[in-house]
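Keeping the supplied structure of chain C fixed, place chain B upon it in accordance with the hints.
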Amino acid sequence: GNSVTQMEGPVTLSEEAFLTINCTYTATGYPSLFWYVQYPGEGLQLLLKATKADDKGSNKGFEATYRKETTSFHLEKGSVQVSDSAVYFCALSDNNAGNMLTFGGGTRLMVKP
Amino acid sequence: KAGVTQTPRYLIKTRGQQVTLSCSPISGHRSVSWYQQTPGQGLQFLFEYFSETQRNKGNFPGRFSGRQFSNSRSEMNVSTLELGDSALYLCASSQTTGNANSPLHFGNGTRLTVT
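So the sequence lines, in the order shown, correspond to chains C and B. My numbering puts the first residue of the first sequence at 384, with every later residue one more than the last. My numbering puts the first residue of the second sequence at 358, with every later residue one more than the last.
Just chain C, same shape as in the assembly (with noise of 0.2 Å):
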């Protein structure tokens, strides 16, 4: 079946510093593939996505690249703000399963000041 695996956190950065939060997957065919972000007490926010091989999704400063040769979607940003603390999470859908979507475990970033 499908799977995502990331990183597991928390990861703890200071203000200005470069984020990647890696993301490998498993999936049959060609999945769509997307990153969403949790705010403490809030549900997810679709942060990007990239739908076929070497697309780049891109939103905020952040960015992801659909790698099929290492099946990957690392998610990067190149100066990260306090206001990025939150939960980060790598999913997968398969094209032919609706709007199911596998979710990878979810990193905590925490950025200080």
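It is possible that part of the hints are untrue.
[Stated by the list, open to error] Coverage of chain B stretches by chain C, computed from C-beta distances (three or more under 8 Å per stretch; other residues unrestricted): (1) 388 to 400; (2) 412 to 425; (3) 444 to 451; (4) 458 to 467.
Since the hints were made in silico from the structure, they are not lab data. Every value quoted in this text rests on a predicted model; they were computed, and no experiment measured them. The C-beta atom is built at its ideal place from N, Cα and C for all residues, glycine as well.
For chain B alone, coordinates are given in the frame of chain C:
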């Protein structure tokens, strides 16, 4: 435009009871999905409804059920509650199904505690 609304926000139930959670999707959205979030198992897909029909179901026992109404509002029901059902239940809506360009919008969830 109002977001996805889940009620109630918090719920405390006793083992063996049943519970019904409600989700109102964004206006115009026809797909509603439900997810369970726990510290141990993470985020797991429960089921998806599209135009009042269950489209997909995750690997959960039959105690977990759901339905969708003609106005796209959805309810999920858990019968014979167990301690392990304590979780944050998230509802997500989207305009259509199976289209990555129609992203899921999540509600803030219902926190269920079973004692």
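| Non-conforming hints, listed in increasing numerical order | none
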